[in-house]
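Novice: The lines below spell out each chain.
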Amino acid sequence: MIEAKNVSKWFDGQRVLYDISANFETGKTNLIIGQSGSGKTVFMKCLIGLLTPEEGTISYDGRLFREMDAKQRKQLRMEIGMLFQGSALFDNETVLGNVMFPLKMFSPMSKKEQLERARFCISRVGLENADDKFPSEISGGMQKRVAIARAIALNPRYLFCDEPNSGLDPKTSILIDELLSDITHEYGITTVINTHDMNSVLGIGENIIFINKGHCDWTGNDRSIFRSTSKSLNDFVFASKLFQEVKHFLEREYENKQDEK
Amino acid sequence: MIISSIKSFGRYCMFMTQVFRLPDKWSVFARSMVNEISKLGVDSIPLVIIISIFIGAVITIQMTINIVSPLIPSYSTGLATREILLLEFSSSIMSLILAGKVGSNIASEIGTMRVTEQIDALDIMGINSANFIVLPKIIGFVLFVPVLCILSMFMGLVGGWCIAEFTTMISIENYTFGIQSFFNEWFVWYGIIKTYFFAFIITSVAAYYGYFVKGGALEVGKASTNAVVSSSILILLADVVLTKLLLQ
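Line by line, the protein sequences are chains A and B. Using my numbering, count along the first sequence one by one with no gaps and you end on 261. Using my numbering, count along the second sequence one by one with no gaps and you end on 1248.
It is worth saying that the hints were derived from the structure and are not from the lab. Think of the CB as a built atom: it goes at the ideal place given N, C-alpha and C, for glycine as much as any other residue. Don't take each hint at face value.
Calculated lysine to any residue pairs in the SDA-like style (CA-CA distance at most 20 Å, straight line) [stated by the list, open to error]:
no., chain 1, residue 1, chain 2, residue 2
1, B, Lys1214, A, Glu93
2, B, Lys1025, A, Arg227
3, A, Lys257, A, Arg227
4, A, Lys74, B, Lys1214
Covered stretches of chain B, going by a simulated chain A footprint (3 or more residues, C-beta under 8 Å) [what the hints assert, rightly or not]:
no., segment
5, 1069-1077
6, 1097-1108
Just the calculated beta-carbon pair ranges, DEER-fashion [stated by the list, open to error]:
no., chain 1, residue 1, chain 2, residue 2, range
7, A, Gly188, B, Ser1027, 29 to 35 Å
8, A, Ser166, B, Ser1008, 39 to 45 Å
9, A, Thr229, B, Gly1215, 28 to 34 Å
10, B, Val1028, A, Glu253, 53 to 59 Å
11, B, Leu1246, A, Asn129, 55 to 61 Å
12, A, Arg63, B, Ile1050, 17 to 23 Å
13, B, Thr1225, A, Asn129, 54 to 60 Å
14, A, Gly140, B, Ser1004, 37 to 43 Å
15, A, Thr229, B, Thr1225, 40 to 46 Å
16, B, Thr1243, A, Arg63, 29 to 35 Å
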């Protein structure tokens, strides 16, 4: 489990995160949601140590990040897989090369074992025939899948995904969400996903925290989100007409059930 | 301006302390260095050959035209051409040219890696990204640059020889006698030593600008330009200092 306690962050004297506390549970897909500019990416960067919060603590299964020395941090980083918004694949490496990269750098495996592991990860994300292709030769959705394969190559304990669905069509987005959810449950990973895609929120949001203007305004899951009374959350989640209608429909269903009882 | 320069220099020094660490994996480093030698060094050979031949030819023509005196021996043209090539052109001027080619290549490559989050990906994996990306470039180019310097010296002399061979401005005998006269071997070493320093400046300054890019494609372009300008100025400054130290 990853625990963030009272995390605050300033940039050039301007406060962007206000005492955010949240727990990200093991074996669940934990979502950080919020509008663009709300501070969710900054919060995620604080979680993974790319930014240092001025106040607050972050701990990984009881290990305080701030108190770790360089060696411990390096060890922790090897337990982290990350899926970036733009995939961040290495342009000069093929799909196989990208997935093999962390294995080459850190794993004690033989070359043959590395190849087997990389091929397994590639097949796990459904890209069996793309081994020799370069990132520029495959679609955005395939790039995301390669990035997922690379992220899980070292069997991470923690998986971070920064807007995994950005720039993808709805069908591919759902495929990526399902893949992330399956991998999380299959390997018991603590997955933290930063998103503002409502399909993800309602589809795989087992634990959701909502950040609004740098504050944590709400925590819950994909079920309780419909019963939330938080105005800022409702304005964000049910901004579109479709989701408003879905909400009203579910509310009516809930009231009918209550009446029947 | 002074304060920002001092800040930049401080950040550059901190960056270099990150770069000059032991690589995480030597086999990966060695492979990466060979790639960089090929990309930054071997790929620069055609440019060095073309420029050196033409500049060697031009220097010979200008020397022939300008050294017209019964008091100056006719072989002086070859001698002056050789000294210019050995002392300044093949080291300093060639490095300025390479700052444009190699420097912009490095700054734009690393800058693109930064804006596409590839550097963040390395950091997240627990890899020292500065060391992993930059060290093979610096070591690779510094190791290969004497080859470019010597090649430039040789091809410059070939350019001058072409003028002697294909025109009537100077005889081949006078030219070849000139380039062999009063030869001081130290001048070759002086040129090579200078290029080591210049190669370090080109690669490290370009890497610094690329590594700290913030923003998008526009900023990568700016970083590339700044890298070339800054490394060119630093090469000229270092040239003065090294000449004073090595030739006095």
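Novice: State for each hint whether it applies.
Specialist: Hints, one by one, checked against the model:
1. Lys1214/B to Glu93/A: Cα-Cα ~24 Å, so violated.
2. Lys1025/B to Arg227/A: Violated. Lysine 1025/B to arginine 227/A sits at ~53 Å, over the 20 Å cutoff.
3. Lys257/A to Arg227/A: 15 Å, holds
4. Lys74/A to Lys1214/B: With a Cα-Cα distance of about 25 Å, the restraint between lysine 74/A and lysine 1214/B is violated, given a limit of 20 Å.
5. 1069-1077: That given contact is violated, which follows from only 0 residues of the segment 1069-1077 of chain B lying within Cβ reach (below 8 Å) of chain A.
6. 1097-1108: violated (count 0)
7. Gly188/A to Ser1027/B: 29 to 35 Å: 33 Å, holds
8. Ser166/A to Ser1008/B: 39 to 45 Å: 34 Å, violated
9. Thr229/A to Gly1215/B: 28 to 34 Å: With Cβ atoms ~40 Å apart, the hint is violated.
10. Val1028/B to Glu253/A: 53 to 59 Å: 58 Å, holds
11. Leu1246/B to Asn129/A: 55 to 61 Å: The hinted range 55 to 61 Å holds for leucine 1246/B and asparagine 129/A, with Cβ atoms some 59 Å apart.
12. Arg63/A to Ile1050/B: 17 to 23 Å: 58 Å, violated
13. Thr1225/B to Asn129/A: 54 to 60 Å: Violated, at about 42 Å.
14. Gly140/A to Ser1004/B: 37 to 43 Å: For glycine 140/A and serine 1004/B the Cβ distance comes to about 39 Å; the hint holds.
15. Thr229/A to Thr1225/B: 40 to 46 Å: With a Cβ separation near 54 Å, threonine 229/A and threonine 1225/B fall outside 40 to 46 Å, so the hint is violated.
16. Thr1243/B to Arg63/A: 29 to 35 Å: 56 Å, violated
In this structure, the earlier hints numbered 1, 2, 4, 5, 6, 8, 9, 12, 13, 15, 16 are contradicted, and the remaining ones agree with it.
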